[in-house]
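Enquirer: The residues making up each chain are set out below.
2 protein chains.
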Amino acid sequence: MNRKIVVVGGVAAGPKAAARARRRDPEAEITIVEKGELFSYAGCGMPFYIEGVVHDVKELMCTPVGVVRDASFFRKVKDIQVLGRTEAVKIDRSGKKVTVKSLETGKTYDLEYDKLVLATGAYPVPLPIEGIHLGKVHHLNKPEDARSIRKALEEGAKKIVIIGGGLIGLETCGAFIARGCQVTIVEVMDQILPGLLDPEIAGLLSKYLKNVGARVLVSERVTKLEEDETGNVKKVLTDKREIEADMVIVAIGVRPNVDLARDAGLKLGATGAIAVNEYLQTSDPDMYAGGDCVESTDIVTGRKVYVPLGSTANKHGRVIGDNITGGETMFPGISGTTVFKILEYNVGKTGLNEKQAVQLGYEPVTCLAPSPDCAHYYPSAKPFTIKLVVDKKTGKILGGQSVGSGEAIKRIDILATAIRFGATVRDLAELDLGYAPPYSTAIDAVAHAANVIRNKLDGMAKALTPLEVKVKMDQGDDFTLLDVRTKMEVEQQPFNDPRVKYVPLGALRERLNEIPRDREVVIFCKTSLRAYEAQLMLESKGFKHVKFLDGGIVAWPFEL
Amino acid sequence: MNRKIVVVGGVAAGPKAAARARRRDPEAEITIVEKGELFSYAGCGMPFYIEGVVHDVKELMCTPVGVVRDASFFRKVKDIQVLGRTEAVKIDRSGKKVTVKSLETGKTYDLEYDKLVLATGAYPVPLPIEGIHLGKVHHLNKPEDARSIRKALEEGAKKIVIIGGGLIGLETCGAFIARGCQVTIVEVMDQILPGLLDPEIAGLLSKYLKNVGARVLVSERVTKLEEDETGNVKKVLTDKREIEADMVIVAIGVRPNVDLARDAGLKLGATGAIAVNEYLQTSDPDMYAGGDCVESTDIVTGRKVYVPLGSTANKHGRVIGDNITGGETMFPGISGTTVFKILEYNVGKTGLNEKQAVQLGYEPVTCLAPSPDCAHYYPSAKPFTIKLVVDKKTGKILGGQSVGSGEAIKRIDILATAIRFGATVRDLAELDLGYAPPYSTAIDAVAHAANVIRNKLDGMAKALTPLEVKVKMDQGDDFTLLDVRTKMEVEQQPFNDPRVKYVPLGALRERLNEIPRDREVVIFCKTSLRAYEAQLMLESKGFKHVKFLDGGIVAWPFEL
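Chains V and S supply the protein sequences, listed in that same order.
For the first sequence, my numbering gives the first residue as 47, with consecutive numbering after it.
For the second sequence, my numbering gives the first residue as 47, with consecutive numbering after it.
Source of the hints: derived by calculation from the structure; they are not laboratory data.
Every value quoted in this text rests on a predicted model; they were computed, and no experiment measured them.
Any given hint could be a false lead.
Since the list gives no way to pick one copy over another, a pair counts as held whenever it fits inside one copy or between any two copies.
Listed next, the in silico EDC-like pairs over lysine to aspartate or glutamate satisfying Cα-Cα at most 20 angstroms (straight line) [to be verified]: (1) 547 x 409; (2) 153 x 437; (3) 428 x 390; (4) 270 x 102; (5) 350 x 97; (6) 508 x 585; (7) 533 x 105; (8) 587 x 125.
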């Protein structure tokens with residue numbers, strides 16, 4: 047008898063699992079059940095539809111050659127039955143059938159299965175405040191949401207408030223700015239992307255957002271939405287102010303859709319998502335789960351984490367497709383790699399950030415290493431900054447963050463690959479990466495960052511982070527801030543602080559007597575390279591307490 | 047007493063070693079001896095100076111903030127003495143001194159050393175034909191060469207012949223085309239980049255070059271250069287034709303400068319370059335060597351290879367700087383990663399190509415996997431093709447090649463990193479790479495390529511390479527070429543062969559009876575994804591001898 051496979055959820059992991067199963071088993075009877083109207087779409091593309099660079103939401107449902115992946119496509123090309131607008135309401139595990147309900151007709155009926163796949167996705171965390179149900183208040187979870195948001199923009203919405211400074215909030219923010227909107231982001235935590243980035247990296251991103259005209263409000267809680275006479279939102283009230291709004295986007299995170307799994311008695315993990323083993327099998331051996339409804343294993347720490355991402359969902363789909371057709375494919379886990387683009391700024395993270403590393407008991411060594419993304423004399427060169435987080439004891443790379451207008455994401459991918467294999471900073475510095483002037487510096491930015499950490503581990507490089515220097519400045523410490531840049535750089539971008547003493551690196555050997563020997567010296571330049579050189583020079587001349595500012599001016603996350 | 051360090055060679059590895067040594071030892075007396083006029087320059091940037099995107103050759107000698115790295119810079123900033131226009135003529139190993147000669151004054155004198163560093167670089171292979179010394183016949187080895195070439199262009203040279211289809215020849219070719227020149231490349235071997243790329247990948251590049259107007263002549267030998275009345279070249283004679291030329295670039299490879307080392311009795315390797323151990327120490331423990339004059343260890347095979355590249359030279363410099371100041375830093379080797387940009391086309395290779403793998407006794411499984419470089423609906427999406435070479439026995443990645451207008455080099459860096467750690471295709475498919483629509487497809491191109499190989503290793507995917515299909519076509523084999531693309535694709539880019547039968551994938555299940563069952567079927571589409579799907583479908587319906595064309599139309603290296 048032919049194997050019966052039912053897949054609940056038709057966005058990413060579900061269709062992928064079904065398609066893979068079909069390739070491995072031409073005889074199986076495969077059915078996908080999808081609650082929504084649309085199907086097999088690229089959810090991550092929605093911000094670009096809002097921005098307008100993707101013209102029709104249908105494009106997110108097309109194959110690369112323009113064929114729409116609808117029910118007819120799945121039937122004709124893959125011999126897979128798709129039940130659209132159909133909800134799975136109950137699973138009978140002993141009877142091995144799932145009860146589904148057509149949202150068109152209201153009719154319920156049963157589907158038998160040998161293997162059942164749950165790919166039920168995630169839903170946006172609701173915000174329990176007054177006015178949350180007003181018109182022009184949207185989540186961004188489904189293509190229907192994206193359509194409503196774009197319609198509002200086309201009807202003239204200009205003042206946008208985004209509640210939540212997370213991934214979806216920021217991607218959407220970029221889309222709105224590109225369309226000429228006035229955008230305010232309100233984040234309740236003390237930085238944007240609090241779960242993702244360390245504060246100084248989030249600070250660099252905030253600085254960029256302010257430069258392109260966005261208002262970023264952190265440590266601020268939205269308390270109420272006020273309506274206009276037509277029932278649409280007109281004002282956002284926070285614990286600190288009122289903000290006018292033509293439209294509000296609520297993006298305070300997502301949670302896994304686990305009702306069906308929980309009701310069926312499947313085991314959930316501590317993260318709240320469905321628990322699966324390395325075969326993506328649930329606590330019921332005939333049920334598999336993947337995508338945004340399951341938790342993952344963090345390959346750096348071995349812990350269970352909830353990181354819902356389209357890339358993982360697609361990988362899950364292939365693994366599940368194997369295992370429901372007799373295969374034995376394992377999914378090793380993730381390193382939490384997350385990347386996004388906001389206008390011309392690239393942001394990425396993989397592995398642990400410093401906060402997470404400290405929480406987990408590591409003693410991390412970090413660096414901020416700004417670099418051009420290719421030979422500085424090549425016309426397309428753009429700057430970006432890498433933060434590496436390294437275990438002091440072993441030299442192993444725990445994680446990396448990379449931000450800037452330069453090619454930051456290539457380096458995240460290199461780091462994600464290196465972390466997968468437990469690479470140390472030495473390994474990273476020695477990688478034989480591709481070098482030609484249009485692609486990288488002769489020593490690539492990741493290798494440079496690794497070398498900075500090696501210099502710190504060897505005791506040669508001594509740095510203070512921007513956060514540490516800012517604290518010293520704010521508490522009025524007495525120290526010399528030694529600026530070793532060229533005259534032209536100083537004129538273009540002065541560092542305004544009374545402690546600053548200016549001696550360009552080329553003159554430092556001759557003018558050592560101008561530097562007070564009785565005080566701490568914190569040296570800086572554009573990126574910290576020359577400052578490091580100056581640190582060594584001063585030390586060789588008997589100066590004590592000399593450090594450089596990690597990352598220099600480029601990675602300074604505060605106003606200058 | 048202070049340590050005396052003499053460095054012979056002032057381009058890349060030399061100055062880097064000297065600078066690193068200074069950072070580790072503030073007291074050392076460090077001297078760099080450089081024969082040429084210019085110093086510490088980015089040799090790899092010369093094609094871009096020729097193209098004109100780099101305006102002044104001095105830019106190649108500047109730090110990122112515009113400070114020229116000249117002798118004065120090294121003295122003031124690094125306390126390193128640079129002897130320019132000075133040649134090292136003899137090494138007295140027992141006396142530990144090196145005799146140098148000023149090319150300005152002719153004066154010779156000795157420099158004592160405790161540690162001597164050889165960074166003598168490479169020289170262009172001479173071409174022993176009549177006319178090689180004519181005017182407007184250039185190598186591209188030094189900034190002086192680049193200046194002469196650019197001057198000739200500015201004086202109106204239009205017809206350029208490049209002898210040698212290697213790395214330098216091709217990079218220069220791009221520069222000339224960008225300036226509106228008519229360029230002919232003459233390569234004696236039967237493909238361009240013969241040591242680097244497999245033939246079908248070289249074929250894709252040749253196709254691109256022809257599209258942008260270059261003439262590519264392979265299996266053709268230059269026999270003579272003819273002069274005009276002023277003593278400049280006017281014609282290139284080959285064994286097949288005559289080609290008019292206003293300028294000729296001779297780029298048939300480079301060889302290591304080892305005269306000084308050989309005369310001093312140092313051991314040379316089988317590659318002809320200076321032999322060094324993992325500390326970059328020569329056969330004389332007080333002499334180190336790095337950069338283009340030494341051979342490297344290939345980390346994939348353990349063999350010694352000669353791959354002179356600026357990135358390796360810079361890494362060598364740091365290692366040598368450590369080891370001549372009491373450190374014990376090892377350099378593990380290279381994977382031969384080579385990348386370059388020619389106009390809008392990106393070309394890269396890491397590890398072994400298929401030819402090399404076969405020569406070394408591996409049984410490689412390969413794939414040609416074209417892909418967009420980011421979500422296909424994102425406006426900047428561009429195509430490129432990855433060729434993976436994998437060891438059939440172990441599933442280990444032996445090498446990768448990547449070409450196209452899309453972001454091919456990011457994937458080369460991912461592969462270089464993976465290869466460093468002995469990754470298998472399964473590892474590669476599972477990497478947690480950064481996914482967002484502007485950066486990649488949900489399953490990134492490298493993971494997709496890895497999955498294609500996994501499908502081949504599992505016996506699911508059955509493909510013929512373009513070379514194999516071309517042979518079958520050329521020898522008049524009787525088989526069905528089944529085109530499963532959409533009607534619009536077929537109209538836009540027909541595949542002109544009488545064997546072609548057209549049935550779009552969506553109609554294939556219903557029209558199976560149109561496909562002859564008694565003949566071999568080779569299926570193709572744009573990239574081979576749908577063709578693979580069709581292969582499985584036909585097989586499930588009892589068809590025997592069904593294969594798909596690896597890489598589809600996109601990776602077809604011949605005329606359509």
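Enquirer: Would you list, in rising numerical order, the hints stated earlier that this structure does not obey?
Expert: 1, 2, 4 and 5
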